[in-house]
Amino acid sequence: MANFLQTFDWVQFLSATLITATPLTLAALGGVICERAGVVNIALEGIMLTGAFVGFAVALATSNLYLGVVAAVVAGMIIAALHAVLAIEFLVDQIVSGTVINILAVGITGVFYRNYIQAAATRGPGTLPHWDLPILSQVPLLGPILFQNQLVTYAMLLAIPAVHLLLFHTVWGLRTRACGEHPKAAETAGISVFRVRYVNVIGSGALAGLGGAYFSLQQIGNFLPNMTGGRGFIALAAMIFGKWTPIGAFGASLLFAGSDALGQRLQIGGIALPYQFLGMLPYILTIVVVAGAMGRAIAPAAVGRPYRKS
Amino acid sequence: MARWRSFAITNVAIPLTSVLAGFAVAAIAVLATGGDPAAAFLALFQGAFTNPNAFPETLVSTIPYVFLGLGVALGFRAGLFNIGAEGQFYVGSLLGVFAGYSLTGLPAIIEVPIVLLSGMAGGFAWAGIAGALKARFGAHEVITTIMLNYIAFLLASFLINKGAMTAPHASTPRTPDVDPAAILPIIFPGSRLHAGLLLAIVAVPIVWFLLERTTVGFRIRTVGFNPGAARAAGISVGWTIFLTMGISGALAGLAGIVQALGLSHHMTDSVGAGYGFDAIAVALVARSNPWGILPAAFLFGALHSGAGFMQLATEPQVSADLISVVQAMVIMFIAAPALVSWLFRMRRGQVATVTITQREADLA
Chain A
8 MANFLQTFDW VQFLSATLIT ATPLTLAALG GVICERAGVV NIALEGIMLT GAFVGFAVAL
68 ATSNLYLGVV AAVVAGMIIA ALHAVLAIEF LVDQIVSGTV INILAVGITG VFYRNYIQAA
128 ATRGPGTLPH WDLPILSQVP LLGPILFQNQ LVTYAMLLAI PAVHLLLFHT VWGLRTRACG
188 EHPKAAETAG ISVFRVRYVN VIGSGALAGL GGAYFSLQQI GNFLPNMTGG RGFIALAAMI
248 FGKWTPIGAF GASLLFAGSD ALGQRLQIGG IALPYQFLGM LPYILTIVVV AGAMGRAIAP
308 AAVGRPYRKS
Chain B
3 MARWRSFAIT NVAIPLTSVL AGFAVAAIAV LATGGDPAAA FLALFQGAFT NPNAFPETLV
63 STIPYVFLGL GVALGFRAGL FNIGAEGQFY VGSLLGVFAG YSLTGLPAII EVPIVLLSGM
123 AGGFAWAGIA GALKARFGAH EVITTIMLNY IAFLLASFLI NKGAMTAPHA STPRTPDVDP
183 AAILPIIFPG SRLHAGLLLA IVAVPIVWFL LERTTVGFRI RTVGFNPGAA RAAGISVGWT
243 IFLTMGISGA LAGLAGIVQA LGLSHHMTDS VGAGYGFDAI AVALVARSNP WGILPAAFLF
303 GALHSGAGFM QLATEPQVSA DLISVVQAMV IMFIAAPALV SWLFRMRRGQ VATVTITQRE
363 ADLA
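Residue numbers (my numbering), protein chains in the order written: chain A, 8 to 317; chain B, 3 to 366.
Derived from the structure by calculation, the hints contain no laboratory data. Ideal Cβ placement from N, Cα and C applies to all residues, glycine included. Be a bit skeptical, because a hint or two may be false.
[Claimed, not checked] Now the stretches of chain A that chain B is said to cover, found in silico as 3 or more residues with beta-carbon under 8 Å:
| # | stretch |
| --- | --- |
| 1 | 96-109 |
| 2 | 254-267 |
[As the list claims (entries may be wrong)] Okay, the calculated beta carbon distance ranges per label pair:
| # | chain 1 | residue 1 | chain 2 | residue 2 | range |
| --- | --- | --- | --- | --- | --- |
| 3 | A | 147 | B | 318 | 47 to 57 Å |
| 4 | B | 41 | A | 237 | 26 to 36 Å |
| 5 | B | 200 | A | 195 | 55 to 65 Å |
| 6 | B | 15 | A | 138 | 38 to 48 Å |
| 7 | A | 70 | B | 36 | 49 to 59 Å |
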C-alpha cells in the first residue's frame, strides 16, 4: 500500500478522471436542462449511443472528424426530438418514451453497424487530435490536466459554465425552471410550455449526442455495438446526485469517474480491494441521495407529468 | 355492445396494430440497409417456427418472458414502474443457484421447490429494497431499480469471479453446477424445452387470482388507481407498495432461477441480456393483464428465437438487432393512445389512456 501511494501519479490520475467524466458530464448537463423543464430523460443512454454511431459513420464517410462531431450532435437532437414528440405531443409516459428511445437506439445502430460499418471498416478515421493550448498547457499541474485535451473534453469544460449561466441568469433559464416547477403558472404568465419543453428536450439531445461522440471519435476511433455500456444511466445518477444543477452534475461526474479511474489503478497496482465494490459507489450514492439521506435531492416539481392545455 | 367494442379495440386491435406497425418500421430499416424485408421476415418466421427444433426453442425463450412480464405487469397495476427486472433476475438466479449447489441428497420433490423459492426470495429482497425506499422516503423506483441493476451486476461479477461462488477447476469463471436433483427435467425429448414451461403456464392464473380475487390484489389495484383514496379507505399504501415491488421482483427472480435450472445449471458472469426492457415490452403489450402475458411473451420469445437464424440466413445480413427496432416501435404504439386513436379515427376517451405510474407526491 505504501509503495502504491509512493508511485501514484496524481496528475495522470486527475487527467484520466477529467477525461472519463467527459461523456458523463455532457449527458448529465443534457439531463439537467431536460428535467428542469419538466421532462424526465432516461433516454440519455440511447441518445449517446446514437450520437456515437452517427458521429463515427459520418466521420468514416467524409474522412472528417469534425463533421463527425457535428453529426453526432445533430443525431442526438433528432432522436431526442422523437422523445419530445412522444412525451409532449402524444402524452406518452415519459419513462416509457425514454425506454423506447433506448431500445430503438440499440436496434437501429446495431442494424446499420452490421451493414455499413462492420462490412466497410478497414481503417477508421482515427481519433480527435490533442490540442495543447499555448502557454496554459505549460502551467505546472493544471496544464497537463486541463489544457492538453481533445475537442469533446474542451467542449464539456465550456458547456458547464454556459449551462449554469443560461439556466440561472437568463430569461430562457427562468422559463425553463418555471415549466419544470409549475407549468400552469408558466402558461398563465404567457410562456408556451410546449415550446420550452421541445427546445430543452432537443437541446439535451445535442449535449448527450456530443457526449456520444466522445466514445467513438475521441476515445477509440471506432464504433462498437452498445459501446456506451450504461454510461447514460450513470449520467442520470450524476444529474440526481448533483441535485439537478450543472455544477453539481459536473462534481458528481468527477466523483464517479474518479472512482472508476482509481479502481483501474488499484487493480494494476495489485491492491486486493475488489474493483466491483468501488464500481458500485456511484449507484449506491445515488440511491442514498434519492432516499434523502445526504441532503435531500428534490426533483423539479412537475417532472414526469405531461402538460395538458386546459 | 359499445363496451365490447372498446374492450376488443383496447386489448386486441391496438396490440395487433402495434405489432404490425412495428414490423412496418423494421421493414423500412431493412430497406434502408439494402436488405430485403420479405426475406428477412420469412427467415425470422422459419427461425422461430418451422426450422427443425425451432418451435421448442421459441417456447424455451418464452419461459422467462412470462415470469418477467407478469412481474412488471403486477407493478404497473399498483402504479409502480419496475424497470429493474434484470437485476432482480440476476440476484434471484444467484441465490437460487447457491441453494441449488449447496443442497445435496434431497429428493427432487423437496429440492426443486426450495431452490425455486430461494430464487424468488432473492428477487423479492432486491426489488423490496426499492419498494421500501419508495414507501418510506418516496425515492422514485425508476431511479432506484436502475441503480440496483448495476449493483446486482457487479455483485454477481464479484461473487462469480472472486472465489465466493466460483467453481473450482473451471476454465472460465462460473459457479458450480446445481445438484442434479434440482435440475428441471426436459419435457420434449431431443430439445432443450424444460419443465419451466409448465411453471410459467401455472404462474399466469395464480397471478391473475392474486390480483383479481384476493384482498392483496384489491389493495394493489386500489393503490394503483388512487393512492389517496386507498389511504382514506384504510389501506396501508406504503406496505402495499413494498409488497407489490417484492412480489414483482420475486417473479423476476423466479425467471432467473428457472432459466438456470432449466438450461445452464450454473451461472456465468455475463450480464446485459436486456431482460428488463423486454419485460416492460411484454407487460405493455399485454396491457398489464395476466392472461395477455402468455401471447405477449410468446411473441417476444419467437422474435428472440428467430433473430439468430434471420441474421445467418439473409444476404446482405440483417442484424439480429432488428428485433429491438420492432420491440421499440411496438412499445411506442401501445403507449401512445393518442397516436392509436388517430389511427382508428376514434374520439378521445374511447381508448383507455395508458397511465402507468401515478406520481402523486403524497405517497409516504
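Hints and how they fare:
| no. | hint | in the structure |
| --- | --- | --- |
| 1 | 96-109 | holds (count 12) |
| 2 | 254-267 | violated (count 0) |
| 3 | A:147 <-> B:318: 47 to 57 Å | 55 Å, holds |
| 4 | B:41 <-> A:237: 26 to 36 Å | 34 Å, holds |
| 5 | B:200 <-> A:195: 55 to 65 Å | 59 Å, holds |
| 6 | B:15 <-> A:138: 38 to 48 Å | 58 Å, violated |
| 7 | A:70 <-> B:36: 49 to 59 Å | 22 Å, violated |
Of the numbered hints listed earlier, those contradicted by the structure are 2, 6, 7.
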